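Chemist: Here's the letter readout for the chains.
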Amino acid sequence: MKPMRLKLSIAAIILTGAISVLCLRIVGPDERGIAVIFGRPRGHELAPGLHFLPPYPAGKLILLKSGEIKRVYVGKMRDWQGDDVRTQLPEEMEYLTGDKNILKIKSVVQYRIKNASDYFFNMRNVFEYIEYIAEAELTRLIAAMTVEDVLTTGKAEIQIKVQAAMQNHLDAMNTGVSILSVQFRDVAPPMEVEEAFKAVMTSKQEKEKAVHQASGYQNEARHEAGAEAGVLLQKSEAEKTAMINRAQGESEYFTALAAEHRAHPELVTRRIFLEKMEKLLTRVRILIAE
Amino acid sequence: MKQLKWLGAIGLIGWILGTSIYQVDGRQMVAVTQFGKPVRHSTNPGLHFKLPFPFQRTLFFDKRIQIFNPKPMEFLTADKQNIIADGFICWRIQTANPLPFLVSMGDKYHAELFLTDIFTSEMGASLGRYTLKNFISTETADLRTPEILKELTAKCTQSAAENGIEILSVEVKKFNLPEENKPSVYARMTEERNRIAKKYRAEGQEKAAIIRAEADREKSRIVSESTEKAQVLLGEGEAESMRIFSAAHAKSPVFYSFLRTLEAYEKFLNERTTIVLSPDHELLRLLTRGK
Chain A
394 MKPMRLKLSI AAIILTGAIS VLCLRIVGPD ERGIAVIFGR PRGHELAPGL HFLPPYPAGK
454 LILLKSGEIK RVYVGKMRDW QGDDVRTQLP EEMEYLTGDK NILKIKSVVQ YRIKNASDYF
514 FNMRNVFEYI EYIAEAELTR LIAAMTVEDV LTTGKAEIQI KVQAAMQNHL DAMNTGVSIL
574 SVQFRDVAPP MEVEEAFKAV MTSKQEKEKA VHQASGYQNE ARHEAGAEAG VLLQKSEAEK
634 TAMINRAQGE SEYFTALAAE HRAHPELVTR RIFLEKMEKL LTRVRILIAE
Chain B
6 MKQLKWLGAI GLIGWILGTS IYQVDGRQMV AVTQFGKPVR HSTNPGLHFK LPFPFQRTLF
66 FDKRIQIFNP KPMEFLTADK QNIIADGFIC WRIQTANPLP FLVSMGDKYH AELFLTDIFT
126 SEMGASLGRY TLKNFISTET ADLRTPEILK ELTAKCTQSA AENGIEILSV EVKKFNLPEE
186 NKPSVYARMT EERNRIAKKY RAEGQEKAAI IRAEADREKS RIVSESTEKA QVLLGEGEAE
246 SMRIFSAAHA KSPVFYSFLR TLEAYEKFLN ERTTIVLSPD HELLRLLTRG K
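Each protein sequence line maps, in turn, to chains A and B. According to the numbering used here, the residues represented by the first sequence are 394 to 683, in order. According to the numbering used here, the residues represented by the second sequence are 6 to 296, in order.
Hints listed in this document are in silico derivations from the structure and should not be mistaken for laboratory results. These numbers were taken from a predicted model, which means no experiment stands behind them. There's no promise every hint is true.
[To be verified] Calculated lysine-lysine pairs in the BS3-like style (CA-CA distance at most 30 Å, straight line):
#1 B:Lys138 - A:Lys548
#2 B:Lys76 - A:Lys499
#3 A:Lys597 - B:Lys212
#4 B:Lys138 - A:Lys554
#5 B:Lys203 - A:Lys493
#6 A:Lys554 - B:Lys160
#7 A:Lys597 - B:Lys204
#8 B:Lys204 - A:Lys493
#9 B:Lys155 - A:Lys499
#10 B:Lys55 - B:Lys10
#11 B:Lys187 - A:Lys591
#12 B:Lys212 - A:Lys591
#13 A:Lys493 - A:Lys548
#14 B:Lys203 - A:Lys548
#15 A:Lys463 - A:Lys548
#16 B:Lys179 - A:Lys463
Bound-form chain B, shown alone (with noise of 0.2 Å):
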């Protein structure tokens, strides 16, 4: 019998201490609810003391950041785009106090179910203002990405921190077609690859006879030069021969003019040219006189 009273003093001491100490963890956050209301909260690591359950009752929430990522949903731009947005919310409970979550939201799962809504209409808004250049284009001008996103996560964070959510950033992890839309966008993709291919095979042809036809002209001028500087040697050629027989010639001019009108008679006296010759010719001289 008195075993038995032992044993069970020892359990009730057990049980006071098991369940008036506790451990915060430093990635937890606590709070002590005393009968169902919070009386009380903390973040701060390490062994902590309450009043043993039924008293009071701890719990214990994940103080770290955390990511949400909603299914992605199909929106309307300013001008009429589908497109779909997979974007994503890091958030965290209030950790100056984590009470109005409690009340709020109570877990993550509910905490997720209305960072859901928040996010789709806060996004459908969102996209509903700006047209699709606004996120998707080109030109840097159109892009206004950044600041959607900051005006989203402001917007967002107002109405999450009425409930105990910290909001730390609103991101689009992914901007996607609707697979209805598709097709076509895959049709318009191929008829602009091949006008690029044809415009890059047009240009091949344009360049290559641009450069042959000046080969050709280049070809053309390089022969004409040559045979012009070919006629200028030629004439040098012929003017140094008369500088030389001129040279000679004037030494013995009378001679020349003996030797160049018997040349001149070799021209002119052919077959058809009768010579009258007179009996006492110088020429003759041996026929008519004997000597």
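So here's chain A without its partners, still in its complex pose (with noise of 0.2 Å):
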């Protein structure tokens, strides 16, 4: 071969090779890729593994992590459109509820990616508009609540109702997210009326604290009342039945006494005679005369 077209081989060969390497792509294990090839985007996404698409600029690939939970948090300082509103602000959110009171909550909303295409080409800034809806959702739900129900029973109602009013919005966007769940970290009152909340709870436990007591002393007096009842009847019982066997005793020894007298009557009657004469008479005075 001519040492001219050995170059030409060995270049061309050289070309084929680097333009084969810039045509590889890797998706990722949790990742999903949209092919864009001069600017259009490929129907479908595409799995983890090797592709093959034209190199830069012709051929793009877009990677989304769409198998990651990603995490907005709620309730952070913000700065608006450059300038910096920080002392205007309150530092964590307040939000008010039906009865006008103002209560700080914070919380975290969980997503993910469910459609990849639908997350990167229908909205510019899907991750702030997830944080908006969430905060419109909150607001609009906790200004039909008392602070009571907020603070107490309505968390997990809120919750659950937020998640799914964000996930019809997002839907009705078309935004490719799926919420997976709406998290308060913390709700309290403003700190200049946190004595006076607490006071409540407080007042609450001590209201528990007096029924308590009041039902120990209920049991307490129906068990000393029970106990008593039991004794005086026991007792009622013993006498009954002593008074009975005496009454029993007494009547054996009166129908002995009788069958005695039956036999030797003369005898028995005159003995018993003298025996109580006996004691009686001491007693008496004794006037003999004629």
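Can you join these two chains into the complex? Each is in its own frame, and there are hints to help.
Modeler: What follows is the structure, given as structure tokens:
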């Protein structure tokens, strides 16, 4: 072969090799890829693995971590369009309740990308939208509830409702996002009224304690009364039995004596009479006269 | 010399190719202008062709939905309450035709200025027509936020559409009270909490008193019931004793009457009684007769 042709062949092989390497793209295990060729997105998402695309700038591979659980923190300091207004805004997010109380609430939204091309092509800043819509729904729900409800029993209900409402909005805008959960991190009244709120909790506990104590007293009283009644009844039973036994004994004695009397009437009568008289006459005054 | 010409020719061809071919990303729309005048537009992603620069130029726009969050502003409700509303607008350039946007707005910065204006005026008008309890209330019947927002969106949509902006939604992400009002709100909150605390304590006392009174009543009831039963038992005992005695005495009435009489003597004869006995009395027999 001529040296010129050899050089050309080697150059061609190297060039082909280089282009091939540039065409190789890798999609990671927790990622999904969107292939964009000359600006036009390919229909389906690319699964993890090796893929071939024309080299940049004709072919682009957009990688999105679709398996990852992402978080949005609702309630942090913000600055607006370049102006630093930190001094004006509350540090934690304040919400107005239906009964015109103020609560400070911090919450976390967990979400993941369910449709990579929707997520990428439909809305410019999905992250921001998620945070805003979370705030909007929290605001709306809390503006309809009392401060008591939000602080105590309403938390679970709010979290569920906000999640559902958010999902509706996100789906309506085709953001390709799936909300996994909305959770409160902190719900508290403002520092200025913290004492007063604590006092309500304490007073609730006091109420319970008073009722609890009274119940204890009630139980004790019942037991005492029961015991007293039991003792009384027992005593009476015993007395009744004793009475009957005594009667039994005495009547048996009488019956035996009566049998003796039937057998030897004169003798028995005399004996008893004399026994008795003996006792009686020592007591009385006796006058013997005609 | 010849080489320079070749270089020049290649350069020109490269220039022509470079500025005739352009890519439209899936997130963009493009308008092609010819000497400043818009001639066509497209939202289709892919490779496109045009006349090379300086004959035709491309202007790219983001065709995605954008979120705009104007600065929170203070408004007055119909019942003269001050409230700060923090809202946001979901909008995009009219996808059917970006040219009105290009003509009226030109770019995102101006679009946001425009949106701030209409948002502020429409929000002010809306809030001014409704009372505070239409937004914040524990009575579901009072709340009308969704319909108010719909109204707001519709009004904003109209003026925006004329300028090539499509408004998808207007939401309020926060209602806040002005800082100056907060001390009085805190005072009211504190007073309310104190009142509630008092109420709980009083309820506790009341309930406890009722339970204790009930307990006392029950106790005396149990005791009196058992006292009654005790009496009944004793009564039964006495009755049974009577029955037993009577049964035995009935069998030997004479003997019984004899014993009973003697018992009676024992009872009524005492130190103050004097018995007169004649010397022939049975008892004195041995004394007087000696046998």
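Chemist: Against each hint, give a clear statement of whether it holds in the structure.
Modeler: These are the hints, each one checked on the structure:
Annotation: proposed proximity of B:Lys138 to A:Lys548 holds, straight-line Cα distance about 23 Å (limit 30 Å). This hinted pair checks out: B:Lys76 and A:Lys499 have alpha carbons roughly 21 Å apart, not beyond 30 Å. Between A:Lys597 and B:Lys212 the CA atoms are separated by roughly 13 Å; this keeps the pair inside 30 Å, and the hint holds. Note on B:Lys138 and A:Lys554: the hinted pairing holds, with a Cα-Cα distance of about 22 Å set against a maximum of 30 Å.
Annotation: proposed proximity of B:Lys203 to A:Lys493 holds, straight-line Cα distance about 21 Å (limit 30 Å). Pair hint A:Lys554 plus B:Lys160 holds up; C-alpha atoms about 28 Å apart against a cutoff of 30 Å. The hinted pair formed by A:Lys597 and B:Lys204 meets the criterion: a straight-line CA distance of about 9 Å does not exceed 30 Å. The straight-line distance between the Cα atoms of B:Lys204 and A:Lys493 is roughly 20 Å, inside the 30 Å bound, and the hint therefore holds.
Taken as a hint, the B:Lys155 and A:Lys499 pair is honoured in the structure, with Cα atoms around 28 Å apart against an allowance of 30 Å. Straight-line distance between C-alpha atoms of B:Lys55 and B:Lys10 comes to about 26 Å, which keeps the hinted pair within the 30 Å bound. A hinted pair counts as satisfied when its Cα atoms are at most 30 Å apart, and B:Lys187 with A:Lys591 qualifies at roughly 20 Å. Our distance criterion of 30 Å between C-alpha atoms is met by B:Lys212 and A:Lys591, whose separation comes to about 22 Å.
Between the alpha carbons of A:Lys493 and A:Lys548 the distance comes to roughly 18 Å, so the proposed pair stays at or under 30 Å and holds. The suggested pairing of B:Lys203 with A:Lys548 holds, with an alpha-carbon distance near 25 Å, which does not exceed 30 Å. At most 30 Å may separate the alpha-carbon atoms for a hinted pair to count; A:Lys463 and A:Lys548 meet this at roughly 22 Å. Using a Cα cut-off of 30 Å, the hinted pair B:Lys179 and A:Lys463 holds, with the two alpha carbons roughly 24 Å apart.
Every hint, counting from the list given before, is met by this structure.
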